[in-house]
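Peer 1: So the chains spell out like this:
There are 2 protein chains.
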Amino acid sequence: MAERISDAEHAVMEVLWADAPLTANAVAERLTDSQSWTLPTVKTLLSRLLAKGALAAETEGRRFLYRPLIARVDYVSHESRRLVDRLFGGRLSPLVAHLTERGALTADDISEIMVLLKAPVGHSRP
Amino acid sequence: MAERISDAEHAVMEVLWADAPLTANAVAERLTDSQSWTLPTVKTLLSRLLAKGALAAETEGRRFLYRPLIARVDYVSHESRRLVDRLFGGRLSPLVAHLTERGALTADDISEIMVLLKAPVGHSRP
DNA sequence: CCTTACTGACTACGTTTGTAATCGAACGGA
DNA sequence: TCCGTTCGATTACAAACGTAGTCAGTAAGG
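Line order of the protein sequences matches chains A and B.
For the first sequence, counting from 1, position 57 maps to 57 in the working numbering; every step adds exactly one.
Throughout, the working numbering is defined as the position within the second sequence, counted from one, plus 1000.
Honestly, the hints are just simulated from the structure, not real lab data.
Ideal Cβ positions, reconstructed from N, Cα and C, are used throughout, including at glycine.
Among the hints, a few may not be true.
To be verified - Quick list of simulated restraints, FRET-style, between CB atoms:
id	chain 1	residue 1	chain 2	residue 2	range
1	A	Glu29	B	Arg1004	41 to 51 Å
2	A	Gly61	B	Ser1047	51 to 61 Å
3	A	Leu50	B	Asn1025	40 to 50 Å
4	B	Thr1038	A	Met114	18 to 28 Å
Use the sequences and the hints to build the structure in full.
Peer 2: Structure below.
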C-alpha cells in the first residue's frame, strides 16, 4: 500500500486529480489560488509524491508531466475509513449520530442521505 | 484553540477519556494492550499533551493525576469536520454516498442511520 | 555557436512526531 | 539515617514535514 500522503501533498494531489497530466508549473499555478507556495516548494512536494509512488511522471521533452497513480476514490476511502476506525470504532452510524446531535447536517443533507440509503445497496427484491 | 493532537497523542487521550484521572503508570498500563510503548514514551506524550493544554494534571502526593481538558465530543467533531471539509467539500452526503458505493455500510448501519435522520433536526441551509 | 531561461535535482533547515534513555528529587522502607 | 525505588523533567535523535534556495543541464532563441 502507498505510504502516507501528508496534508501539503494532498493539496497537490487534488490539483492533479482535477486535471492531469500537468507540468510542475501548471500545478504550482493552480495552487497559488489556495496556497501561497513558491515553485520550489511545489516541486519538492511533487518529487516526494513521485518517490512515494503516488504520482507517475512521463517526460515530455525537457520537463515532466505528472499524473496521479492512485485514484482519488481510493485515497478518500482510505482516509474515511481511517477516521471512522479511529474515532467511531469502525462504525459509520456513530459518525452520523454525532453530526446530527451537533446540528451539523442541513435538511438538504438529510434528504440527500435518505435517498442514498434507499438506493439499491443490497438488491434482490421480491 | 487547541494545538493539533497527533496520532500517538490521540491514543493517550482515548485512555483518559475512557477513565480519568489516571497516573502516568495507569495510562501506560492500559496502553500496552494496544500499543507497545515504554513508560518513558507514554510520559513524553503526557507531557506534550499537558503543554498543548489538552490535559490537566492535578498533583496527588508526589505524582500526577492526568485528566482531559478537552471533551472527546469536541475532538471528534473537530476531526470529523476536518475530514469532511478536506475530502468532501464540507458536505456529509458525499461521504455517505461514497461509503454506500463502496459497500462499506452494513444493513444495520443503514437502518440505524435512517432512524437517526428521522429524528427532529431542522436547520436552514446557506 | 553562444547565451539565456527554464526544469528537475539536490541541498537546507526549522518544527513536529515517534520513541526512548537518563537525571535529579523525593518518598518509603530498612 | 541512608539507600533504593519511583516520579516527572530533561535531553536525545531519527524520520517526516513544510517551506524554500541553489545548481546544473538543456532546449530555444538570437
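Peer 1: Does the Cβ pair Glu29/A, Arg1004/B satisfy 41 to 51 Å?
Peer 2: 29 Å, violated
Peer 1: For the pair Gly61/A and Ser1047/B, does the Cβ-Cβ distance stay inside 51 to 61 Å?
Peer 2: For Ser1047/B against Gly61/A, whose Cβ atoms are near 53 Å apart, the range 51 to 61 Å holds.
Peer 1: Taking 40 to 50 Å as the stated bounds, is the beta-carbon spacing between Leu50/A and Asn1025/B within them?
Peer 2: 45 Å, holds
Peer 1: Please test the hint of 18 to 28 Å on the beta carbon pair from Thr1038/B and Met114/A.
Peer 2: 49 Å, violated
Checked against the numbered hints above, the structure breaks hints 1, 4 and satisfies the rest.
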